[in-house]
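Protein sequence lines, in the order shown, are assigned to chains G and B.
Our numbering puts the first residue of the first sequence at 0, with every later residue one more than the last.
Our numbering puts the first residue of the second sequence at 0, with every later residue one more than the last.
Some hints could be false.
The list cannot tell twin chains apart, which means a pair is met if one copy fits it or any two copies do.
What the hints assert, rightly or not - DSS-like, lysine-lysine: derived pairs with alpha carbons at most 27 Å apart:
| id | residue 1 | residue 2 |
| --- | --- | --- |
| 1 | Lys115 | Lys13 |
| 2 | Lys142 | Lys170 |
| 3 | Lys62 | Lys142 |
| 4 | Lys115 | Lys63 |
| 5 | Lys62 | Lys170 |
| 6 | Lys115 | Lys62 |
| 7 | Lys13 | Lys63 |
| 8 | Lys170 | Lys63 |
No lab work stands behind these hints: they were computed from the structure.
All values reported here derive from a predicted model rather than from experimental measurement.
Number of protein chains: 2
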Amino acid sequence: MRPSRRVAVKRLPKRASYDTSVIHAILDEGVVCHVGFDVDHQVYVIPMAYARVGDRLLLHGSKKSRLMRALSAGRDVCVTVTLLDGLVLARSVFHHSMNYRSVCLFGRSRRVAGAKARDAALLALVEHLVPGRSADARGPSAKELAATELVEVTLDEASAKIRSGPPVDDKEDLDLPFWAGVVPARLTWGPPVPALTLGPARAVPTYVLEYTRGS
Amino acid sequence: MRPSRRVAVKRLPKRASYDTSVIHAILDEGVVCHVGFDVDHQVYVIPMAYARVGDRLLLHGSKKSRLMRALSAGRDVCVTVTLLDGLVLARSVFHHSMNYRSVCLFGRSRRVAGAKARDAALLALVEHLVPGRSADARGPSAKELAATELVEVTLDEASAKIRSGPPVDDKEDLDLPFWAGVVPARLTWGPPVPALTLGPARAVPTYVLEYTRGS
């Protein structure tokens, strides 16, 4: 993917990637994206669920929300997904950093229209959250579908930015009497908590028990 | 805190809180914020480290960066911090959700000026990331200080939004043959990885060994 002007990473460009497979892997591992858009000269940054299907990022929400009304009308948005991988402790305060993988996507939101496209988008959103779940839950009713707005943004202008590995200290700091290294961070999933309204005989499905994301 | 028009949570207002202690607790637990701002009618959403001191949110970065140049000049920003607490699996696809705690802050960025204020801000940024670290690392040199830009945003217009607890299914769905419940999510910290350049005799400090965030 060739970077457009607005998406080209200017600061620390060696951390940048425009490789589609890198961008897709980060998007597929993430759970929450942060959607930035402008309404009447006011910038909003809203955390949202999302899904990637091919080269499209899908978002959904209530048709009544200010957010979805804005997005379905077509907005220039910036969508960012950030995965935190660790805290980087250098000998010097200056070289402290974080290990992370992030994707920043620019594009114009478009309403997903048509029953078939909307069904596919909803399915993708559930499967992004919990693979296997869409076949093990009640599908949307006509009323629920009517209350749901779906929008998409094409992944034409996306970049990844990645930092990994140990701290990078100045040579003259290496012998300073301070510990240096990385504290790895990971999003982990606890034992499932069944709803109290669930009968005791209802076993936890395998796709829930073995839930994990990324590699 | 009384919500201003732009910060008032319109969608699902029962999830909103304008309580300062709730807002502070979320900000203090978070590691990464997403900063939204506008440059030449283009919205950017950038993941950044931050710290809270009293009623101010602090950000920092390279003086050379496009981002810090924009923020230090004074920008209307929206800063969002999101903590993911779980996936909420309802019997119906429609009622699937996430448990989360988020804060959304609106304000105008201002440059932090003056040696004393800048020192205090840098200290806060390190201590936000790893409490105890600022006393166990080399402080910034004059050159490093000169390369670093610091900005702040007052927490006047902030709101929290929180979802917690089990799925809420429609009554008529409760007997459907699907598992329902929550998969808890948590950011966890792995065993520290010492830098290869570190002598084997250098013990891992207690504040690193026992690193944790939130409650």
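Structure-based check of all given hints:
{"no.": "1", "hint": "Lys115 x Lys13", "verdict": "neither (42 Å within a copy, 34 Å between copies)"}
{"no.": "2", "hint": "Lys142 x Lys170", "verdict": "between (65 Å within a copy, 16 Å between copies)"}
{"no.": "3", "hint": "Lys62 x Lys142", "verdict": "within (12 Å within a copy, 52 Å between copies)"}
{"no.": "4", "hint": "Lys115 x Lys63", "verdict": "within (22 Å within a copy, 48 Å between copies)"}
{"no.": "5", "hint": "Lys62 x Lys170", "verdict": "between (57 Å within a copy, 23 Å between copies)"}
{"no.": "6", "hint": "Lys115 x Lys62", "verdict": "within (18 Å within a copy, 50 Å between copies)"}
{"no.": "7", "hint": "Lys13 x Lys63", "verdict": "between (43 Å within a copy, 16 Å between copies)"}
{"no.": "8", "hint": "Lys170 x Lys63", "verdict": "between (57 Å within a copy, 23 Å between copies)"}
This entry does not satisfy hint 1, going by the numbered hints stated previously; all others are met.
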